[in-house]
Amino acid sequence: MQTVALSVLLLPLLSAAATLFFLRKQGNVAALLSVATAGGILLLSLYLIFAGDGQPFSWDATWIRLSGWELRFGFLLDGASRLLLFVVSFVGFLIHVFSLGYMEDDEAKARYFGGLSIFMFSMLGITLADNLIMIFVFWELVGFSSYLLIAHYYSTDEAAQASKKAFIVNRVGDFGFLIGIVLTYWSFGTVNLLELADLSDFEPSLVSTALCLALACGFIGKSAQFPLHVWLPDAMAGPTPVSALIHAATMVAAGIYLLVRIDFLFTQQALSALALLGAGMGLYAGFCALVQRDIKKILAYSTLSQLGYMAAAFGLGMPGIALFHLMTHAFFKALMFLGSGSVIHACHHEQDVFNYGGLRGKMPLTAYTFLVGVLAISGVNFLSGYFSKDAILLTAFNLNLPVFIVLYAGAVLTAFYMFRLYFITFEGKPRSKKAEKAHESSLLMTVPLLILAALSIVGGYLSLFPVSIVGYLLPDVSEVAGMDNHLWMIIFGSFAWVTGLIGARALYGSVDQEDPLASKVPAFFTLCRSKLFFDEIYDFYVLRIQGPTARFLEVMELLFVSGLMVRGSAGIAGLFALLARVCYVGKIHAYAFWFVLGTLGFLAYAAYFRG
Amino acid sequence: MLDQILLLGSIAVPLAVSLSFFAGWVRDDEWVVKLACLGFGFPCVAGILLFIKFDGTVDGYCFEILYEKMGLQELGITFHLGLNGVSSPLFAMAGIVGLAAGLAAVFSGAKRLKLYLALLCFMQSGLMGLFASVDLFFYYLFHEFALIPTFIMIGLWGGRNRRGIALEITIYLTLGALVSLGGLVALNVMVDAPKFDFPTLSQALSDIALHDSTQAKIFGLLLLGFGILVALFPFHTWAPRGYEAAPTPVSMLHAGVLKKFGLYGLIQIGAPLLPEGALFWSPWLLWLALGNVLFVGMVTIAQGNLKSMVGYGSVMHMGYCFLGIGVCSSLGAGSAVMLMAAHGLSVSLMFLLSASIQRRSGTYEMGQMGGMAGKTPILACFFVAASLATIGLPGFGNFWGEFGVFLSLGEQPSHRIFLGLAALGIILSAVFGLRAVARIFFGPQSEELTAHENKNPIRDLGLTEALPAGLILAALLLLGLWPRGISDRINKEITDRYAKVDHATLSLFLPPCCPVPQGGEESNQTTPLQVSPPVVLEPEER
Chain A
983 MQTVALSVLL
993 LPLLSAAATL
1003 FFLRKQGNVA
1013 ALLSVATAGG
1023 ILLLSLYLIF
1033 AGDGQPFSWD
1043 ATWIRLSGWE
1053 LRFGFLLDGA
1063 SRLLLFVVSF
1073 VGFLIHVFSL
1083 GYMEDDEAKA
1093 RYFGGLSIFM
1103 FSMLGITLAD
1113 NLIMIFVFWE
1123 LVGFSSYLLI
1133 AHYYSTDEAA
1143 QASKKAFIVN
1153 RVGDFGFLIG
1163 IVLTYWSFGT
1173 VNLLELADLS
1183 DFEPSLVSTA
1193 LCLALACGFI
1203 GKSAQFPLHV
1213 WLPDAMAGPT
1223 PVSALIHAAT
1233 MVAAGIYLLV
1243 RIDFLFTQQA
1253 LSALALLGAG
1263 MGLYAGFCAL
1273 VQRDIKKILA
1283 YSTLSQLGYM
1293 AAAFGLGMPG
1303 IALFHLMTHA
1313 FFKALMFLGS
1323 GSVIHACHHE
1333 QDVFNYGGLR
1343 GKMPLTAYTF
1353 LVGVLAISGV
1363 NFLSGYFSKD
1373 AILLTAFNLN
1383 LPVFIVLYAG
1393 AVLTAFYMFR
1403 LYFITFEGKP
1413 RSKKAEKAHE
1423 SSLLMTVPLL
1433 ILAALSIVGG
1443 YLSLFPVSIV
1453 GYLLPDVSEV
1463 AGMDNHLWMI
1473 IFGSFAWVTG
1483 LIGARALYGS
1493 VDQEDPLASK
1503 VPAFFTLCRS
1513 KLFFDEIYDF
1523 YVLRIQGPTA
1533 RFLEVMELLF
1543 VSGLMVRGSA
1553 GIAGLFALLA
1563 RVCYVGKIHA
1573 YAFWFVLGTL
1583 GFLAYAAYFR
1593 G
Chain B
411 MLDQILLLGS
421 IAVPLAVSLS
431 FFAGWVRDDE
441 WVVKLACLGF
451 GFPCVAGILL
461 FIKFDGTVDG
471 YCFEILYEKM
481 GLQELGITFH
491 LGLNGVSSPL
501 FAMAGIVGLA
511 AGLAAVFSGA
521 KRLKLYLALL
531 CFMQSGLMGL
541 FASVDLFFYY
551 LFHEFALIPT
561 FIMIGLWGGR
571 NRRGIALEIT
581 IYLTLGALVS
591 LGGLVALNVM
601 VDAPKFDFPT
611 LSQALSDIAL
621 HDSTQAKIFG
631 LLLLGFGILV
641 ALFPFHTWAP
651 RGYEAAPTPV
661 SMLHAGVLKK
671 FGLYGLIQIG
681 APLLPEGALF
691 WSPWLLWLAL
701 GNVLFVGMVT
711 IAQGNLKSMV
721 GYGSVMHMGY
731 CFLGIGVCSS
741 LGAGSAVMLM
751 AAHGLSVSLM
761 FLLSASIQRR
771 SGTYEMGQMG
781 GMAGKTPILA
791 CFFVAASLAT
801 IGLPGFGNFW
811 GEFGVFLSLG
821 EQPSHRIFLG
831 LAALGIILSA
841 VFGLRAVARI
851 FFGPQSEELT
861 AHENKNPIRD
871 LGLTEALPAG
881 LILAALLLLG
891 LWPRGISDRI
901 NKEITDRYAK
911 VDHATLSLFL
921 PPCCPVPQGG
931 EESNQTTPLQ
941 VSPPVVLEPE
951 ER
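Each protein sequence line maps, in turn, to chains A and B. Sequential numbering of the first sequence, starting at 983, is according to the working numbering. Sequential numbering of the second sequence, starting at 411, is according to the working numbering.
These are computed hints drawn from the structure, not numbers from a lab. Don't take every hint at face value.
What the hints assert, rightly or not - With a cut-off of at most 20 angstroms between alpha-carbon atoms, the simulated SDA-like pairs for lysine to any residue come out as follows:
(1) K785(B) - A1090(A)
(2) K1419(A) - F1542(A)
(3) K785(B) - G1009(A)
(4) K1007(A) - K785(B)
(5) K902(B) - T1044(A)
(6) K444(B) - L425(B)
(7) K785(B) - F1003(A)
(8) K1007(A) - I788(B)
(9) K785(B) - E1089(A)
(10) K1279(A) - F1336(A)
(11) K785(B) - K1344(A)
(12) K1344(A) - K1279(A)
(13) K1411(A) - T1531(A)
(14) K1007(A) - C791(B)
(15) K785(B) - R1006(A)
(16) K1007(A) - L873(B)
(17) K785(B) - H1134(A)
(18) K1419(A) - D1087(A)
(19) K1007(A) - G784(B)
(20) K785(B) - D1139(A)
(21) K1344(A) - P1412(A)
(22) K785(B) - D1088(A)
(23) K902(B) - R1054(A)
(24) K444(B) - K785(B)
(25) K785(B) - S1137(A)
(26) K1007(A) - D870(B)
(27) K1007(A) - L425(B)
As the list claims (entries may be wrong) - Ranges of calculated distance between the beta carbons of each label pair, as one might list FRET restraints:
(28) Y1566(A) - N571(B): 30 to 38 angstroms
(29) F1506(A) - A884(B): 28 to 36 angstroms
(30) L988(A) - A884(B): 18 to 26 angstroms
(31) P823(B) - F1534(A): 30 to 38 angstroms
(32) W892(B) - F1506(A): 55 to 63 angstroms
(33) R573(B) - R1533(A): 24 to 32 angstroms
(34) S1137(A) - L873(B): 42 to 50 angstroms
(35) F1004(A) - L525(B): 58 to 66 angstroms
(36) V455(B) - Q984(A): 47 to 55 angstroms
(37) L988(A) - A596(B): 50 to 58 angstroms
To be verified - To give a feel for the contact side, a few chain B residues facing chain A, derived at Cβ under 7 angstroms:
(38) S740
(39) P804
(40) E821
Using N, Cα and C, we set each Cβ at its ideal position, and we do this for glycine too.
Put together the whole structure using the sequences plus the hints.
Encoded structure:
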């Protein structure tokens, strides 16, 4: 079994290496190789999931050993990792196939598919890792592959800035994560997940709020939560399938997965803080999504908001529900991102939704599958999103009312901005030449959409899935099923999406190229557009604080360190030389003068000390 | 026997090549190049072979060569070569960087190529000898061998303002070398050992313990001298300016290899022989090293010139090595050795690629570049990899060293303030590393570059440039993916050598009469320690 686990991990790495060394010029071959690799990963992962009857499996080998510190490279395959392994390999494979169609005409296909393979390698590493340091290693590698893929269109300033921003902001989160890992090691004596679980069970006093909050910094960076959320919307500068794979379905979900992996380290205070943080993010990102014009940015903010829901579920003590939502979200959000990719491809890279319109007639498959995604995320009864989201809402309703109120407001908002997106894009009349000429995408792109749509519909019925995949979810799900107030929740939930639907229909049923919200409630619109000035704050920091500080320190260095100390000490020696030279002017009376002065000085000295 | 020949040859071959150039025996240009390739290639092959053959489970030195009767035995000086766990990775690193720098020099098309290569070969022989010496006299002598060509080459082939900078760097480094020599001699005199080599000294010191204040004084001398040589804050200003002015192969060899001399001295001699001295200076060292990481890190962000950015960046990362030494534990020192090996590779790769970029864009000013990735995808690929290696991305060797240093800083609660501050460096290095990538390779092509391109068409990296870069990158990847390859060779030596330091540190941070905690996986520390009352300054005090 470890052979299979190792090969599932190394397969994409080898594929990327082969692309780098031999296939740089043969884009088509590289693409096929990468897709074949993704297919292989899917098969091997299915083997890993079903082998061993769902029993936890672990394996490790020494990776580095230095004076008492031994780090082992190992795999831990339990319920949570089986689920994520399924999501990553399955959704990843579909997105690879979709990319074949989407990136058909791209010049740098080989680089793109090589990047995808590196990403798969890193993401599988996080999924399988059995200790925190190994997770950190692949964590950073995921950040790196995301950097590579965002920078795909590197010749635009936008991509150049966005890739840099994504990596640096992620590093800020990793800074806390790193410190958390070091502290974990020294308080527990190990970073192995199984040993940590045993120890925290055995010795609960070792668990501390500061420690788990430091570790949660990694989550905040990678899952783009407040206040490190600024990188995700910008990351949409990458190709659309990348946004689907990395910035919706898998990488950002890795943050939630990390929390689930170390849930035993969390104290009650830390959990409450995370619940509030997540709920707040769910609402805040909803407001941001409401006023965006770029189709991908709407989806990006929606992703932030849904990640907030997952964090809230985790904070409420239901890691299983968080993972449940992660899974259904991966289906419908990947579906919508790929759908938007299909639209963008058909409209020749037009991304402003107000330049679309009437696309349902031109590309029906894309439109109807997208509608399924919209219905699922809005929580329409009996679709996948309904089950996972209502489980979160119900838990909050029963356990923590303030969190529920914020989350519920977010749910109404979600339905509203999602239907807004749907109506503007697919209904009405085409509002630009590009939209008029749009036509349905090829089978390579629509078949993945259909598969994901099917999963978005039925993905909430856990009994349809083998126990090996969803085994981790079942205890928490049945706990929620046993809670009170189900009837209320059905009424609340239905009310939320119906309100969103009607509101969006009324406001955006027929629009032209201006956002009606801007003219109806301009103050609210401007406030949402500003996104509470986070981008401005970060820009201010970079331009007005970091830059000047760096230059100031450079000047200080020049002045004091190399100026005063180095040149200064040379200068003092020079000064003595200068003084000494005054005495040697080469004139006899000058020497006589110095001679007399010296004698007098000597006599004075002698007289003074004698008397 | 073959091993000994390899070890001796890695010093003698480049030296012989260099001397034959000086003596004027080689006139044919083609032979000059061939011989120079031999002079750089032999140490590289020998270094790698000896690294592979090195057995990390053996006590002390491997592949020893001892020649006692060279006329200096009265002074306790013998010709003694060998490799141990600390020196063997650095020896291999010196060989690899030397070959890369040598190839870069051979294909650089410099004027007076024969003299250039002769000096560089001379330097290479000194570098190999420095890590292979067991005897302190030769350790120091080989360092001077490598140092003197630096000055000459900066003066002759350097860039803007080369004379002034050559003078400044000469004064600075000679001063540093002098002070550290003072420390070494003081050590020898105080111990009164019969011989001037590492094993004898440590044997003598385990028999008689030096007084704590004596230890502190000697270690202070060593720290000051070696600190200047390694560009410890605030004695660092010579380094970026010197590297900016120096010809590329010299920058590579100096920043990559020669600068490790001081760290090597502190790890191999300073801390293990003078544990109390090291503990006394530990707070000072830690704060100054933070200066390297944070102050110099910020200054690096302000650099607009690519080569001086690389220079400042290398000074910044020296701070992590110092932190590893300053924390006074075997974990810290071992990580510092790993970081030294990886950093030597990565920084020389950065200098190499900077020169390749300069050849194409005609400038080192990053403001005048932009969008080069479209023209030179392979160069861009190398540069991105090198930058990410430098900023400690996992998968490259630097990560393990940096991570180990952070880990060692977390051991004692009173050091955790340094952990928090030093870890900020990972953000700073990401800022300047990625900013450089974005400014040089991403975005639209700049007007200056287009203007330059019209006169000199830009070609992608050819084989002659890709070969040395690929060599270094492969080594970095190997270190990153299979860290055990290096850590297993370091582990025993550093654990044994630092047993006293670990003991002293542990007893310092324990309240008296307290049992030793399990201390993570410190299984080698399970014997109860005889706790002595703390005799040195508390590290919280500045």
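These are the hints, each one checked on the structure:
no.: 1; hint: K785(B) - A1090(A); in the structure: holds, 13 angstroms
no.: 2; hint: K1419(A) - F1542(A); in the structure: violated, 66 angstroms
no.: 3; hint: K785(B) - G1009(A); in the structure: holds, 18 angstroms
no.: 4; hint: K1007(A) - K785(B); in the structure: holds, 14 angstroms
no.: 5; hint: K902(B) - T1044(A); in the structure: holds, 16 angstroms
no.: 6; hint: K444(B) - L425(B); in the structure: holds, 15 angstroms
no.: 7; hint: K785(B) - F1003(A); in the structure: holds, 18 angstroms
no.: 8; hint: K1007(A) - I788(B); in the structure: holds, 12 angstroms
no.: 9; hint: K785(B) - E1089(A); in the structure: holds, 14 angstroms
no.: 10; hint: K1279(A) - F1336(A); in the structure: holds, 13 angstroms
no.: 11; hint: K785(B) - K1344(A); in the structure: violated, 39 angstroms
no.: 12; hint: K1344(A) - K1279(A); in the structure: violated, 23 angstroms
no.: 13; hint: K1411(A) - T1531(A); in the structure: violated, 53 angstroms
no.: 14; hint: K1007(A) - C791(B); in the structure: holds, 14 angstroms
no.: 15; hint: K785(B) - R1006(A); in the structure: holds, 14 angstroms
no.: 16; hint: K1007(A) - L873(B); in the structure: holds, 17 angstroms
no.: 17; hint: K785(B) - H1134(A); in the structure: holds, 15 angstroms
no.: 18; hint: K1419(A) - D1087(A); in the structure: holds, 18 angstroms
no.: 19; hint: K1007(A) - G784(B); in the structure: holds, 14 angstroms
no.: 20; hint: K785(B) - D1139(A); in the structure: holds, 17 angstroms
no.: 21; hint: K1344(A) - P1412(A); in the structure: holds, 10 angstroms
no.: 22; hint: K785(B) - D1088(A); in the structure: holds, 17 angstroms
no.: 23; hint: K902(B) - R1054(A); in the structure: holds, 18 angstroms
no.: 24; hint: K444(B) - K785(B); in the structure: violated, 32 angstroms
no.: 25; hint: K785(B) - S1137(A); in the structure: holds, 11 angstroms
no.: 26; hint: K1007(A) - D870(B); in the structure: holds, 14 angstroms
no.: 27; hint: K1007(A) - L425(B); in the structure: violated, 44 angstroms
no.: 28; hint: Y1566(A) - N571(B): 30 to 38 angstroms; in the structure: holds, 32 angstroms
no.: 29; hint: F1506(A) - A884(B): 28 to 36 angstroms; in the structure: violated, 58 angstroms
no.: 30; hint: L988(A) - A884(B): 18 to 26 angstroms; in the structure: holds, 22 angstroms
no.: 31; hint: P823(B) - F1534(A): 30 to 38 angstroms; in the structure: holds, 33 angstroms
no.: 32; hint: W892(B) - F1506(A): 55 to 63 angstroms; in the structure: holds, 57 angstroms
no.: 33; hint: R573(B) - R1533(A): 24 to 32 angstroms; in the structure: holds, 28 angstroms
no.: 34; hint: S1137(A) - L873(B): 42 to 50 angstroms; in the structure: violated, 27 angstroms
no.: 35; hint: F1004(A) - L525(B): 58 to 66 angstroms; in the structure: violated, 41 angstroms
no.: 36; hint: V455(B) - Q984(A): 47 to 55 angstroms; in the structure: violated, 36 angstroms
no.: 37; hint: L988(A) - A596(B): 50 to 58 angstroms; in the structure: holds, 54 angstroms
no.: 38; hint: S740; in the structure: holds, 4 angstroms
no.: 39; hint: P804; in the structure: holds, 4 angstroms
no.: 40; hint: E821; in the structure: holds, 6 angstroms
The structure shown violates the earlier hints numbered 2, 11, 12, 13, 24, 27, 29, 34, 35, 36.
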